[in-house]
Structure formats: structure tokens, C-alpha cells
Amino acid sequence: MTYDASAREERGAVAESASDRTFWGRLSSWAPYQWLATFATASPRRQFLILAVFPILWVLTQHLGPMLQMLRVSLTDAYPVAPGVEQHFTFDNYLSFFGDSIFWMPFFRTLIFAGVFTFCTLIITYPVAYFLARHVSPKNRMLLLLLLLIPFWVGEIVRTYAIMILLGNTGAVNMVLRFFGLIDRPIPFMYTSFSMGVGIVYLTALYMLLPLYSSLEKLPKSMNEAAADLGAGAWTRFRRITLPMTLEGISSGCTLVFLISTGFYATPVLLGGPSTTVFAETIAGFFHVAGDQWPTGAAFAVIMFLAALAITAAFQRLMTALRKGDTK
Amino acid sequence: MSSDPLVRLEGVTKRFGDTVALDNLTLDIAQGEFVTFLGPSGCGKSTTLRILGGFEQPTSGRVLLRGDDVTKRPPEKRNVNMVFQDYALFPHMTVRQNIGFGLELKGMGKSEIAKRQDEIMSFLELTAYGDRYPAQLSGGQRQRVALARALAPDPALLLLDEPLGALDAKLRGQVQQELKSIQRRTNKTFFFVTHDQEEALTMSDRIVVMNKGHVEQDGTPEELYFHPASRFVAEFIGETNLLTGELRGTEGNAVVMDWFGNTLRGHAPGGVPQAGEAITASVRLERLGFHAERPTTANAVQGRVVGKTFLGSRMALDLMVEEANGATLKAYVDADTGQSVGEAPVWIGWDESSMAVLRD
Amino acid sequence: MTRHNRILLSCVYWAFVAYVFVPLILMVLMGFKDSNFIGFPIRSWTLDWYTGVFADTETLAAFGYSVAIAVLSTVFSVIVGTWIAVLLEGRKFWGRAAIFGMTVLPALIPGIISAIAFRIYARYLGIEPGMGAIVWSHAVHNVPFVVLVVMARLSTLPKSQIEAARDLGADPLIAFLRITFPYLVPAIMGASIFCLLLSFDDFVRSFFLGGYEPTLPVLIFAKLKSGMSPEINAIATVALVLTAVIGVWAERFTRRMNKDS
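Chains as they are written, first to last, in full-length UniProt numbering: chain A, 1 to 328; chain B, 1 to 360; chain C, 1 to 261.
Here chain A stands alone, though its shape is the one from the complex:
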């Protein structure tokens, strides 16, 4: 078959009246659509605006909006506003936090617990990530990682409940200890900071494991071999090479876990006791009672968010300084 340009020009005329067009052909030659498309693509600027307006409005109103509204409510004396009542601007909600030491314990407890639990999570998951990234063949790696992911698909409440069963007075741990005759009466693990820690570490381990794993995986093996070649022992190699090179993963993992830990509500309620009340419970209290305490709750939430942000920012600063110090 030869290529005949003149024959095609005749056919071009037939195409004009084609009635069996495909969907896309019909759409693109449909007059209203053409008009719209021409309008929308008239200039790169207009095209960009059409694409950008909705996302920008969305993030402003839906992502930033709730936080700003919470901040606004925290600075008023009444919310929701009852009819006939005037709303006033006030700092009282913030002052009530600083004025009453009853709130300080749960506040500092939350931050300290979150810090301690974050550290525990780091210590527990680092060797696991290290093992996966450095000692497992790439083929098996995904399988072993997937094995760890499965429990993390299960929800917060279900996993918290599982810890309750594990640590209860008639739970598995006590049963095993008693079976071996190590104890006569059950150890009361539950409703302590210990049970809370076990639960929170359980819930957050994955968020630490994944950043650690990816930073360890990026680390070239040859670097350790070079250090060994220069006579560095295993501990020196870890301290001088592996640890500094994975500070980035440690930093992002810890930030994430810390922020998540400060925000738990159900887990402390279920696993903790009266001596372990966290600030999340305090905040929630203002929203449960019938009284008009939302502004105070909002102010407390703002205080906690700012405190958590300040701590993570300081932590990241420290990590960056450490990283820079090592490259010098």
C-alpha cells in the first residue's frame, strides 16, 4: 500500500460529517465543550487560576481554618454563643491554665511521657530497622517488613484492648509468671504509666520504624566496610558512621512519634489510671460537661499544640546541629 495524500484530502471532507465518532471525538468537537475549553485555556494564567482556586480555598478553609477558629474561640469568653449574650475578647482562658496548678501536672506529665515513650520507641525499633536494612536480603526484606505492617493496619482501640488483655491481673503475662512460680499474686501492671507506655509504644512503633528503615537502607554498605578496613571496631563503626548518618531518620521518626503521642486520648483513658491523667483528658473534659467551657478547652488545646511544636522544633534544631557537627 502506498501513501496517497490526495485520497486523504477527500476523506477529510467525509470526516466532517462523521456520525460514528468516539466518545472523546464527540466531546472535543461538541460546541459547548469547545467553547469552555477555549475559555479555560485562553492564557496560561487563566488555566493556572482554574486549577489553583479550589485547592487554595480548600487548604485555607479546611486545613488552616479549624486551627484559626480554635485560636479565635480560645480568646473569647463564651462559645457557642447563647442568643442575647455578647461575646467578648479575653485572655482569661489562658490565665486560668497558668493560674491553677491543678492543670500543670497533667500538662507536664503528657510532655514528659511523650518524650520518654518516644525514646523507648526509638530504642526498641532501631535494632529492628537495622536488622531489616542491613542483614536481610532485599528479596526477604519486603516480606519481613510486611509482616510488621499487618498489626498496624488494626485500629487504635482494638490494639489498646489487646494490651489490656495482655497486662491484666488475669492477663497473659501474669499467667505465665505465675505458671513458672515467679510470683504468688498478680503484679498490677494495668492502670499505671507502665501499661500506658506499653500501649503507646505499641501504637506508634511503625511511625518510628519506617523513617529509620528508609534512612538505614540508603546508607551504603561500603562505608562501614571502609571504616572496618581502617580498623574501627563494631561499636566505633556504629557510633561514628551509622548513627550520625541516620540522624535524619531518627529526627523525623521522633518528631512524628512525639506529636502523635501527645495526642492520644482513648489509650490513656483505657490503659491509665487516676495517677496518670494526661492533658488530652483534661481538654476533653471541657467538651463533655454541659457548661460553657469550650473557650477554656480551646485555649488548653492551643497551649498544648504550641508546647508540642516548640519541643519538636527545639529537637529538630538540636539534631541539625548534631548533623552539621559531624560533617565538620
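Since the hints were made in silico from the structure, they are not lab data.
Errors might be hidden in some of the hints.
From the derived model, a few chain C residues whose C-beta atoms are all more than 10 Å from chain A [what the hints assert, rightly or not]:
#  : residue
1  : Asp34
2  : Val53
3  : Ala61
4  : Met102
5  : Arg119
6  : Glu128
7  : Gly130
8  : Ser160
9  : Glu163
10 : Asp201
11 : Gly211
12 : Tyr212
13 : Ala239
DSS-like cross-link-like pairs, simulated, lysine-lysine; straight-line CA separation at most 27 Å [stated by the list, open to error]:
#  : chain 1 : residue 1 : chain 2 : residue 2
14 : B       : Lys170    : B       : Lys180
15 : A       : Lys218    : A       : Lys139
16 : C       : Lys92     : B       : Lys77
17 : C       : Lys159    : B       : Lys72
18 : B       : Lys72     : B       : Lys115
19 : C       : Lys159    : C       : Lys92
20 : B       : Lys115    : B       : Lys180
21 : B       : Lys212    : C       : Lys159
22 : C       : Lys92     : B       : Lys72
23 : A       : Lys324    : A       : Lys218
24 : C       : Lys159    : B       : Lys77
25 : A       : Lys139    : A       : Lys221
26 : B       : Lys170    : B       : Lys72
27 : B       : Lys110    : B       : Lys77
28 : A       : Lys221    : A       : Lys324
Computed from a predicted model, the values in this text were never measured in an experiment.
We put the CB at the ideal spot given by N, CA and C, even for glycine.
Chain A is already provided as a structure; the job is to place chains B and C on it using the hints.
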């Protein structure tokens, strides 16, 4: 149709920030031409192609297609199609669907599309692969599908962005022939962009050599090869001997130069340089002839063979010309010629038309 | 030395596996205990708790409610998230960093604070506590995950694909629908499943934004507060099996899709 050229670029300039990618380019392309834009990366050849395709808008200047100003028209509204460097075949569509994509959007009917798909696939010997996906094809086949997809909507101008770069050397030679023959048979205008001078010489009707955003020279492959206008063209296309000397003056069409005391006569395709300046001339390696006696050619010097390299089809000789301050020349001769390395002097001669005095 | 390290580390790994699996296994086992009393040892076994779950209209209703919320919120998250990803990926414009920051913000706010902020904002917008409020809060909270996944996929789409479509006569919208969207499908599927699970598992937002009807996690929480019972284990086990199976399937699915292209 009027007497308008198919494509006309009028003073097209493109700036990216502070860098000028294209500097006031003015150029006409006639219907049915195979034009190649040749140059190193960053010379502005790809920018020209993307402006023609509608992917970039010139900072100033106009682009006319058959007399219509299409400068601001988006790619989908131009009767111009492109073969991409990486082919850009749609991975989730079969060969047939890839070819049909442009036809559908032209508003053709299904039976019409099927006919055209069959036609173009048989033309490019793709009929057997219609139901395959791009991932199931070889590099050469993919290249043909990209060509078929771009030719199917019957564009006025076909743009080709280094489409042979991804092929291996052996296949490339074959595809060059194919492309040239397809261009002849379809009588389409091809706008080809490459950095490979050999590719450009093999296929083109016309080559535009670009450097730093402007045109160095615009001509047929023969013109560019034997009559380079500038040092850049002489060096970029093929191998050459560059002779640096001083301009003496002109005698009719001939340009006379002094080369370390030897008077040489050449021609100046790029225009005669200012008198008294240091100038450069180019003589292609295969244009040097060897003689036992002083030859009657316009230029003749005596030299010695100081080295030779066997290249298969021919032999490369290294020559030293003592009477020109020990300057060296290179020459290609038949592989079985008896020139041997040694002390014996030999006459080297070349014509006035073989030596191009360069601009710059 | 290295050998010892290896053995030691593999022990740590398997101990960690035990740590994450044993509590769940024990919880599942307890659902088969033939007694009202939660605790070991288990002496006799029964399936009664499970038959009870599937006969209990309250649990079934909560289950259906959670699924409906998950599906609806995922639809919103995916549409909005994909749109934002298309805007942000590979485009430079003034304020891009700020928009990206605001986009990921909901994923970084601690749970309780996010729930409170949503509670206040729902009131401000006039959304009554209940299904609408929960769907909305889940949708907003899950958008960042969709954006990150879709952006990662989009960054691997060669620019020439879109240019080729435009060149062949497609306007930007048709080029998106016919080229970009099919390319994004694996990422969108993966992100959808992730959103479904996040929503289905979420407690804190559902708790603060819910009305009288509880989602499944809220129902389990309420039951737990009034005391442990193997019935809860049976409910939790059903939820666990469902989420774990979907999670594993999604992992395999996205991996296969990524390999294909």
C-alpha cells in the same frame, strides 16, 4: 494556497530568565523540505522545535504557518505533530490506540479511524503489532509507532526531536534511510533536530547549524561540508585542517592569504574578512592531493609524512610542512596508496574551491 | 563478631514481631472463651460470642455506619487530594511552599487537638454532630496522605506524555483524563485503601464529632468503659480481620501495580 512558505519564523527570540536561548531567528521552511537543525546542546535547536510545536511561547517574534500567525496557539490547535525524543508512547494504549489518539480528537468517525490506522500501519510495517502495548515492542518498533502516531493526523509539519538517540548504532543507520524514504514518499515537511552531524548530513535536504541561539550557517549538506562559513561549522561538521594565516586581499572571487610565507588561495562562503587580520581557513582532509612534482593546483606546499593510521576503508596521514613553520596537516588517502613515513619530501596540493576562508 | 551481631539482631526482630502479634493473637483467642470472665487460662471454648455479634443489631449498625463513613470520606479525600497533588507537583509558583505546608498540616496535628479543632469548626460551619461531621473531619484529615502518595506517582510521569497528548489535539482536560489519570490509578487505589482504613479505625475524631450513633471503634470504647467481655473480643476480632486483610491486599496490590509500570 498563496505563495507563503509553509513555515516562517520572524525575529523569534526566546529568553529563559537571563539566558537567551534563541536570538532573533528569522527563517523560512518550504513545503516538502527535510530541514535539520544541527548543533550542540543548548544551541537553541530544541527551543525552536518546541516553539514550532507550541510548547514554548517566544519572548518576541512571530511564527507563521502557511501565512497564519500561530505564535500564541496551543499545541492542540496546530496542524503540527511531533516525534518525541523518548517517543512518549502512551503505555496503557495499544499500538492501534496510540495511532488512533490524534484521529479521535480530530473528530473522525470510527470507520474512518480504522481505515487510517490500517493504512498507516501497513505503510510503516506495523500491521502485525496493532494489539501490542509499547512495553512489548523493540526500540526500532517503538520509534516507528511514534512516527505513525505523529503522521496519522496528516500534519502540515512533522517535528522530530532527536528520535534516533535511543537506538543502537547499527539500527540507526537503517532507520536514517527509512526516515528519508518516508519523507520522500509522503512529501511531508520534516523538521529534524539533532546534535549528530553524520545523521544530519545523511538525511537532510537542508541543514541549519545553530550555535548559542543564532544561525551559524544555513545550506545543503554539501555546502556546509565543503564550504563552511565559520570556524564553528568547519569544526562541528566532519574533520578538517584549520590553517591560520593573514589576509592579503582578493583577486576576483578568490581570497588570498599568507600562511607562514606560503601564498594560498581560497574562497569565502561566509564573506571576506577585514584585510590585515589573522584569519582561519578550512581544508577537508580528503581534499589534499599528493604529487611527486609540484602540482598545478592553486595551492601547493612541500611536506613530509610523519605518521599514518590505518582506518580500514582509508588511511589517515599526518604531515609536517617545514616551510610553514612546522605546521601539521592531516589527510585521508586510499588505504593501499604507497605513501610511507619517512624523510622524503612530498608535494601536497589543493584547489581554491577546496579551501574555505572562515568568518570570525 | 558480625555473626553474633546478626543472630542477636534477628532475635530482636523476632521478639519485636512477637510484641506486635502476641497481644492481638491473645485478644482473638479470648473471643472463643466459654465464660463471661476475661482472663487466662481458657478452659473451654465456644463460638457463641461470634454468633452473638452477627445477631446484635447495634454492632451491625455500628459496623455499617463505620463502613459508610469510610467510603464517603475516602471519596472526598481522593478527589480533593488528587486535585491538590496535580496543582503542587512539578509546578513552581509564588506561595507553593505555604500551600504544601497547609496541605500536610492535618496529618501533623496531635489527635486530640485535631478533634477539638474540628469540633469547634463544625459548630462554626453549622454542621451538627453526626455522620456529616465525621465524614467531613475524616475527609480533611486524610487529604494529606492522598496528596503525598499521588504526588510521588505524578513525579514519575514523563512530561513528554502530556505534551504528546496535547500535540495530538488533546486540550489540558482531555490530556489529564486520558493520560495522567490512568497513570495515577494505582496510586489513587493505594491511597483510597489507606484512607478507608484510617477512617474505619479512627476513634478520636469520630468520638468528638459523633452524634448518638456510634461508629465501631466508638462502640467498642463505650463497651470497654463498662467492662471487658469476650463479646468485645469477638467484635474487635471481626474488625481486626477485616482491616488486616484489606491492608495486606492493598500492599500487594500497590506493589504489583508499581512493578507493572
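Hint by hint, here is what the structure shows:
In this structure C/Asp34 is separated from chain A by more than 10 Å, as the shortest Cβ-Cβ distance comes to about 15 Å. With 10 Å as the threshold on Cβ separation, the claim that C/Val53 sits away from chain A holds: the shortest Cβ distance comes to roughly 14 Å. Residue placement check: C/Ala61 keeps its beta carbon more than 10 Å from all beta carbons of chain A (closest about 17 Å). Consistency note on C/Met102: stated as away from chain A, yet its beta-carbon is not over 10 Å from all of that chain's, at 4 Å minimum.
Listed as outside the interface, C/Arg119 is inconsistent with that label: its C-beta sits roughly 6 Å from the nearest C-beta of chain A, within the 10 Å cut-off. At roughly 12 Å from the closest C-beta of chain A, the C-beta of C/Glu128 stays outside 10 Å, upholding its exclusion from the interface. No Cβ of chain A comes within 10 Å of the Cβ of C/Gly130; the nearest lies about 16 Å off, and the non-interface call holds. Non-interface call for C/Ser160 relative to chain A: holds, since the shortest CB-CB distance, roughly 19 Å, exceeds 10 Å.
Every beta carbon of chain A lies more than 10 Å from that of C/Glu163, the smallest distance being close to 14 Å; the non-interface claim holds. Listed as outside the interface, C/Asp201 is inconsistent with that label: its C-beta sits roughly 3 Å from the nearest C-beta of chain A, within the 10 Å cut-off. Interface exclusion of C/Gly211 from chain A stands, the closest Cβ pair being 14 Å apart, more than 10 Å. With 10 Å as the threshold on Cβ separation, the claim that C/Tyr212 sits away from chain A holds: the shortest Cβ distance comes to roughly 15 Å.
At roughly 6 Å from the closest C-beta of chain A, the C-beta of C/Ala239 falls inside 10 Å, breaking its exclusion from the interface. Of the pairs offered as hints, the one joining B/Lys170 and B/Lys180 holds, with about 17 Å between alpha carbons and a cut-off of 27 Å not exceeded. Taken as a hint, the A/Lys218 and A/Lys139 pair is honoured in the structure, with Cα atoms around 16 Å apart against an allowance of 27 Å. For the hint linking C/Lys92 to B/Lys77, the alpha-carbon distance of about 26 Å falls within 27 Å, and the restraint holds.
This hinted pair checks out: C/Lys159 and B/Lys72 have alpha carbons roughly 21 Å apart, not beyond 27 Å. Straight-line distance between C-alpha atoms of B/Lys72 and B/Lys115 comes to about 33 Å, which puts the hinted pair past the 27 Å bound. Annotation: proposed proximity of C/Lys159 to C/Lys92 holds, straight-line Cα distance about 15 Å (limit 27 Å). Distance restraint check for B/Lys115 and B/Lys180: the Cα-Cα separation of roughly 25 Å lies within the 27 Å cut-off, and the hinted pair is therefore satisfied.
In summary, the hint linking B/Lys212 to C/Lys159 is supported, as the alpha carbons are separated by about 25 Å, within the 27 Å threshold. Between C/Lys92 and B/Lys72 the alpha-carbon distance is near 22 Å, which keeps this suggested pair within the 27 Å criterion. Taking the CA atoms of A/Lys324 and A/Lys218, the gap is near 19 Å; set against the 27 Å cutoff, the hint holds. Note on C/Lys159 and B/Lys77: the hinted pairing holds, with a Cα-Cα distance of about 19 Å set against a maximum of 27 Å.
Annotation: proposed proximity of A/Lys139 to A/Lys221 holds, straight-line Cα distance about 17 Å (limit 27 Å). Distance hint between B/Lys170 and B/Lys72 is unfulfilled; the C-alpha atoms sit about 41 Å from each other, more than 27 Å. Taking the CA atoms of B/Lys110 and B/Lys77, the gap is about 21 Å. The hint holds against a cut of 27 Å. Distance check on the hinted pair: A/Lys221 and A/Lys324 sit about 22 Å apart at the alpha-carbon level, within 27 Å; holds.
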